[in-house]
Each structure stands twice: as structure tokens, then as C-alpha cells.
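These protein sequence lines map, in sequence, to chains A and B. All the letters of the first sequence, read from the start, carry residue numbers 1 to 248 under the working numbering. All the letters of the second sequence, read from the start, carry residue numbers 1 to 207 under the working numbering.
These are calculated hints, taken from the structure and not from any lab test. Take these hints with a grain of salt, some might be off.
Claimed, not checked - Pairs of lysine to aspartate or glutamate residues, derived as EDC-like cross-links and limited to a Cα-Cα distance of at most 20 Å, are as follows:
no., chain 1, residue 1, chain 2, residue 2
1, B, LYS57, B, GLU8
2, B, LYS57, A, ASP9
3, B, LYS157, B, GLU48
4, B, LYS11, A, ASP45
5, B, LYS57, B, ASP16
6, B, LYS157, B, GLU170
7, B, LYS178, A, ASP45
8, B, LYS11, A, ASP46
9, B, LYS57, A, ASP45
10, B, LYS57, B, ASP133
11, B, LYS57, A, ASP34
12, B, LYS11, B, GLU48
As the list claims (entries may be wrong) - Here are a few chain B residues that face chain A, going by a calculated C-beta distance under 10 Å:
no., residue
13, GLY63
14, LYS122
15, GLU180
Cβ atoms here follow ideal geometry from the backbone N, Cα and C, with glycine treated the same way.
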Amino acid sequence: MTHDDDSFDSSLGFLLSRALQQRVDPETRRRHLDALTTQAVRLRDDAPVAEVIPLRPRYQRFGMVAAGLALILFSGTAVLDASQEALPGDLLYTVKRGTETARLLLAVSPEAQAEVRAEIAATRSEEMQQLAAQVGRPAVARIQALAEEAHDQLAAAAAVDPDGDAVAEAEQRVQEDTEGTDQIIGGVLPSESPAPLPSPVPTTPPVPGLPPETTTTVPAPSEEPTPAPPVTGPGSSGGGIAPNEQTP
Amino acid sequence: VFSEEVAEGVKAGDPDAVAQVYIVLADRLLSYLMARVHDRATAEDLLEATFLELLQKGRTIRGGAASIKVWLFRSAHYNALDHLRRLTRRAEDLTDDPVRLEAADMARGPEDLAVASDTTAKVRRALEQLSSDQRQVLMLRYSAGLSAPEIARVLGKNDGAIRSLQHRGERSLARILKEEERGDDGEGGSMPVRSVRATPRFRARSS
């Protein structure tokens, strides 16, 4: 005990320290030191390795992608393979969409993104046809949704890479599948008048003075990379689906 | 008190460094806590809590060994204060009389009991007659060995106030002890009874 100033009365100090002095007994000392060790271990174990940031809405998509990647890494390819056959309404369809989103985010260059989008458009188109083939399934609304998404993906892909082969192929496939699907729907629901499917290619308004068959033009994808919104007039052939005859 | 290397260890959260500080300061802190709460088990619990707090919050201390010592006594001071406030809220009987200190001594066994002399009992009783501030300053000054500036930091007062409290407390304590000496000489050793009954708290209990 050091006393560095002259205010310390040594005789009083002796009396007081003697009167108040307490000693920690060995058992208590051991218990306290054990508690310190236990607390140190607890603090070390509880120390956060990395700060956990709660997911914000804009990160949720990346979270989904991460979950998709984790699924790829840890569950093998069986689930992914199975999910590729899934259709809207199936359990594995979410996995299929998550895989597509992951591929889209992993595509760095605009060309790669356009290619992925074209593939997604083709996938939607295929789903649309498969769904239409399932007789009795209440699939009209889903088919329309798929057709619209295929249309949107094609538009986005064509905006980036209008001359790309993948885009052209996807566009042709979407056209064919949409036409075929529309025919199927018409056969399944003959008594109803289903809402016409969206056309992936624009139609020009009728030109006065020309015969009706010449009023609808189908430009090549290279000429019109970003199709206009679908024309849903009841007079369009095949329920609003116009095959792109100029697509190779 | 302890080396600056140990102080750095404490500030880094090293449990071995905290244990070394415990070995050096535990007795003095326990003395201070006992004088505040008058219950050995409670004082030991508060001592443990104070050192666990040091382990957890040592990183926040600025300065070296001296700052850590002040931090410990300050933490012990507030832990004791919290305990006393909890007791007050529970409307328990706050016995500040030295009898409980002596009972605590007896609980320590015959070896410790032998140390508690008659003089010790007189000093404890004399302390109880001081004001709370004077008593705390004298305890921190003479039992814990803190300097006036360190006590000022522990109690949140300025140096002048601490020196004044210390001076007045010493004068009062000396006067009380002298009176007790005279009482001992005149009444054949029955002085402590008068001294204890003179405390306001004792009067409140006995009424």
C-alpha cells in the first residue's frame, strides 16, 4: 500500500486497516478464479465470428441465390435434375426458378445475360406447352402467365443482344410453342373463349385501303428486337398468336 | 500495485491477467465491500461480480494499472450501492451496526476471531458514528489504500471535497475514540454500549 501524500495519518491508517481488514479465504478465491475462467470461455465462445446482418429486401434475392448454390453444392444434382421437369404448381418449381435466378445473376456480361434470358424464355415456352397438354388441369391462367414471361424475357434479351443466335432461336421456339399451345387450349376448351395469349411479336395497325390479310405484318427479330405488348383482339388468328414466318 | 504488462493483459481481456489483479487487490476490495454491506457472503458475491465485470469490460478502461485499480473500486462502490438500494426497495432491515461485522468475523472461524481485538471493535463502532461520506473516504483512504485523487474518481467528487471529508472524518474518529478511552477508564470497560446506542440507526431500531 503506497501513500504518496502527507495527508496519510499512519497511526490512524494502522487502526483502520486493522479494524476493516478482511481476507478472501482460499475456497472463495478458488471459486472466484474458476468463475473467471468459465466466464472467459463463455465470452470467447459467444464472440461473433462475423456480424450477422439481417436480410433486407434487396438482399433477399441474393439469399435465394445463395440457397440455390448451397443446394447445388450439398444435395447433389438429383433434386436439380428433378426440378427441371417441374411445372408451375409443382413442389420443385421454386427450385427450378431459383436455379434460373442464380444463373442470371452469375452471368456477368450482357451477352451472357441475354443468352440466359433466351433460355428462360424457351423454358417458359416449353412449360406452357406441357401444361397445356395436361387435359383437365386448370392451366389457362398459368399458361398465359408463362407466355407473358416468355415474352418479357425475350424482350429483355433482344434489347441487349438483338442479333444473338440464342435470342433468335428462343424467339422461334416461343412462337411455335405459343401457336401450338393456343391450338391445344382451343381444343380443350372449345365452348369457352379463353383469353387470347400474348403475341411475342408486334402487329401493326390495319392500314386503310389494304386488304385485311395484309394488315398484319410480322417483322424479323432483327428488325424489331423489342416486341410491343401483345395484341389481344378477338380477330387475330389463332387466339392472338402469330407465327414468325421470317425467323430462320 | 501490479505491472503495466498485467494491465495491458486486463485491457485485452486476458483472464490470467485479471486473475493476477484479483490476487493483488481482492483482499482490499473485500474489506471495502464488507465495510459497505456488512455481510460476508454478499461482499464475496459482489467481489466476484466486480472481477467478472473487469474481465468483460476491461477493454474500455483507459490508462494503466492505476486506472484499473480505480476502476475496480469504483465498480465495487456502485455494485455495493446497487445492492443497498435493492435492499431498501425490499424494505429489509439495513443494519449498519458493527455487530454484523463481528458476526461475520466469527463465521470465519477461531483463527480469524482471535485477530479481532477489542481495539478493532472500538474502531468499527467509532466509524459507524461518522457520516456516510466520511466513512467511505476513510475506508478507501486507509483500508483500500487509495490516494485522494483516486478516491475522488471512485466517488465522483473533487479532490478538495475528498481532503475535507478525510480531515473532518479523522478528527471525528479521533474524538470518538478518545471519548471511548475515557469511558473505558471511568466505567470499567462498559463504554461500547454507550457508543453503539448513540448511533441514530440504533435509536431507530430500538424505539
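Right, here's what the structure says about each hint:
no. : hint                : in the structure
1   : B/LYS57 / B/GLU8    : holds (13 Å)
2   : B/LYS57 / A/ASP9    : violated (35 Å)
3   : B/LYS157 / B/GLU48  : violated (26 Å)
4   : B/LYS11 / A/ASP45   : holds (19 Å)
5   : B/LYS57 / B/ASP16   : holds (15 Å)
6   : B/LYS157 / B/GLU170 : holds (18 Å)
7   : B/LYS178 / A/ASP45  : violated (58 Å)
8   : B/LYS11 / A/ASP46   : holds (18 Å)
9   : B/LYS57 / A/ASP45   : holds (16 Å)
10  : B/LYS57 / B/ASP133  : violated (27 Å)
11  : B/LYS57 / A/ASP34   : holds (18 Å)
12  : B/LYS11 / B/GLU48   : holds (18 Å)
13  : GLY63               : violated (17 Å)
14  : LYS122              : holds (8 Å)
15  : GLU180              : violated (12 Å)
In the structure shown, a violation is registered for the earlier hints numbered 2, 3, 7, 10, 13, 15, in ascending order.
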